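Asker: Please put together the full structure from these sequences, using the hints given.
Counted from 1, the sequence shown has number 59 at position 59 by the UniProt record's numbering; the numbering is strictly sequential.
This list has only true hints and no planted wrong ones.
Dumping the calculated DSSO-like pairs for lysine-lysine here, alpha-carbon to alpha-carbon at most 27 Å:
1. K455 with K111
2. K542 with K455
3. K661 with K627
4. K57 with K155
5. K71 with K125
6. K111 with K12
7. K81 with K544
8. K455 with K608
9. K54 with K12
10. K81 with K542
11. K10 with K125
If you're looking for bench data, these hints aren't it; they were derived computationally from the structure. Here the structure is a predicted model, which is why all the values come from computation and not from measurement.
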Amino acid sequence: MADTGKEILKYKIKNWSSFSYNYLPENIYLDKPTDQSSRWSSDSNHPPQFLILKLDKPSIVQTITFGKYEKTHVCNLKKFKIFGGISESHMLQLLESGLKNDHIPESFPIKHEIDGNHFPCKYLKIVPIQSWGPSFNFSIWYVELQGISDWHIVKPTMHWYNNFREREAIRLCLKHFRQRQYLEAYEALEKKTKIVLEHPILTELHTKLVKDGDFDACEHLVYRACEEGLFHHYISLQDYKPLWSPIEPVIKTNDSLVDSRPGMRGGHQMCVDVLSETLYLFGGWDGNHDLADLWMYHVPSREWTCLSRNTQLEGGPGARSCHKICIDYERKQIFTLGRYLDSAMRTTENLKSDFYMYDIGSGKWTLITEDTHAMGGPRLVFDHQMAIDVERRTLFVFGGRVLLSPTEGGERGSEPIFSGLFAYHIPTNTWKLVMEDCEQLRSRIGHSMLFHPRKRCLYIFAGQRSKEFLNDFLTYNIDTGQIDMIVDGTKKDAQGVPAAGFTQRATIDPDKDEIHVLSGLSKDKDRRDNVKNSLWVYDINKNKWSCIYKNENSGQQYWTKMQHLEPVPRFAHQLVFDHIKKVHYLFGGNPGKESLPKMRLDDFWSLKLGRPSAENLLRRCQYLIRKHRYQEMAERYPKAAMEYLQKDLAQIVDHRSEEEKQEFHQLASTLFKTDNEDEEMFDDSITVMSDHYQSRTNLFDELVAFFPDDMTQPKENLVDMIPIC
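Answerer: And the structure:
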C-alpha cells in the first residue's frame, strides 16, 4: 500500500499560535523561494508556537516537504516536531527532526503505521522548537503533504483506527480496575468485551504474585519466560558495556621478547581472517623508521608468528606506513596499497603506486602492478581507505591525499589533491574510476569507509580535508551508484554523534547492522594533546548513534591507574573486528605525548561489547521477587525473615553491583521499622486495598518492564489522562 495512490494532499490552516505583521500562516500554501515575505513567521520564539493544518478529508499522510528561501536564513527550523490525528484535541507525535540551513527543499517520512496497520489523519500540528539563529522567531516558507486520500483505501484504516482506539481505551480501563482492586468491574468488562489485557503468561504472573502471593510460582514463571526468550527484546534495547582485556601473548620456546611479538609502532595496518581467527599486521612507523615486517597472531593459541622481517627481500612491498591492507578471508589473500613518502623522497620513480597481494596459503607475495595509475587506478596516496566485497571479489579505494613530485606542484603549502573512488575487480585485474572528488562525494584523508555485504553499501564518514575536519556521514550503493546523505555535517549541534576528528577507527557488524567507532583525538584544538577515548555504536536500521563510553579524565595519574584495565587514548592505532566471534582487537598507536614525540605503543587489547545476558536479567527478577517476599515476611515473622535474608536472598544478590549490595545491607533495617513508617500512598484516597495489594502491583509493573510491549498491559495510566482545569 506504501505507494498506492500517493498524491499531494490538500489542506487549510485551521489554527496557529501567532504571526508577525504580513507573515501570515496562509503563506505556506505557495512555494516562492525568491520572495522573502512568502512565509509564516511567529511573533516570538517562546513556546508553544505552532501551526495546525486541517486536511480536506481524512488521509494517510506519508511524507511532508518543507520549501525554503533561496538563501540560508536564521529563522529556518533547526528543530521541530509534528503531531497528527483524527481530532484536533488528540494527536500522536509523528516526527521529530530538523531542517538544514540551506535553500534545498527537504522531505521527511511521517509515521503512518501502528502495529503494521496504516492510520489516517485529519489534522497535523507543526511545532517549531528551535531556529537556526539564536533568539530568532520561527519561519516556515512552504509545506506540502503527500499521501493517500482515496476513500476506498482510507475507509478501512478509519475503521481499524476507531477499533484500535476503542480497544486501547478498554485495556486502559482493565488496567486501572485491576490496579485499584476493582476486580468485579475488571472481570465484568473483560467478559463483556472479550478483550485481552496482556499475554497469558503475564496474567498468570499477576495472579500468582498480586492475588495469591505465591512467590515460588512467580520465580518459576520468570524462569519460563527467560527460557522462551521473552527477555531478548528488552536486552536488545540496552546500551552496550565495553569490556577491554589486555592480551598477553604466549612466548614461544627459544624466542626472545623482541622476537616473540611486533614492536612499538603507529601507522601500521591490521586485518583479520574471521574463519581461522588469525590477525595479520604489516608495516608502520616506529618513531624513527618505516617498517616492512609481517606478523600473524593466532587467537586460540595466543601466539604471534613473524612471517617476514622484511617483506621487500621476499618479493613483497617495501617499508611503509599510512598504507592500507584488505583481506579476502575466503580465498586467503591480503592486498596492500598506498604509502606515505617524505617530501625528499618524492621522485618520479618513487611516486609509482605499487600494488601487492600476499597469498596466505603459500606465503608468497605477488606484485600485481608497479603503478595502479597506469592501469586506470589511483595515483600514489596515503591515509586513504580500502574495503572489499568478498562475494564479488572487488576492492574499493576511496580518498587519501595524492603524493606529487615538486615538479607537479607537490611543494609544501600548495593546494592538496585528493583521490576519488576507485573499484578494482580482482579476477580480471581491472581498475575503474567510479567517481572523481566532487561535491556529492568529497574526498578526504583519515576517514572511515566500511562495506556492508548485504545492504551492498559503502558507509563513509568523517576525516579531514586540508584544515577542515569533516563530520558528514553518507552511503554509496555500489550496485546503483546512489548516494544517500545520512548526516551532511553542516549542523552546528553535533551532539549525539561522534565529534569530527582525525583519529576515529571504525568497524562494521553486518549481522547486527551496527557500526562501531573508537575515537582518540577530540576535535577541540585548544590543547593539541587533548587525546581521549570515546566509543560509539551506530544502529543502521534505527539511524541512531549511542555513546557507550567516554573518558573525561586525561590526567596522567588516572591513566597510570587504569593502564591494565583499558588502553590509553591514542591515534595512528589499528582496530579490527571479528564479526563472527564479535571481538575487536587493538594494537599500538601514538599516545600523543608532546614530551616524547617519537614514542609509539606496542600494547595489544581485545574489546567485547556486552549487554546484560538473559541469565543476568533472570537473576535480577528473582532478586526483586525475593526482596519483596522478605519485606512481607519482616512485618509478621521477623525471625524467619532474617533467616530468609541471610540464606535465600543473599545467594541471589549481585555483589559486584554497589547499588544492589548497599540495598541488601539496608534491608535488615526493615525488621526495626515502626508501623507508621511505611504508609500506603493510597490510604487517604477513595481506594481501599487489601494488605500488600498495591506493593505487589508495583512489583508486577517493575517485572513487566522486561517483557516486549506487545505482550504487556498499556504503559499509560487512565488517571494521567484526566485534564486538570
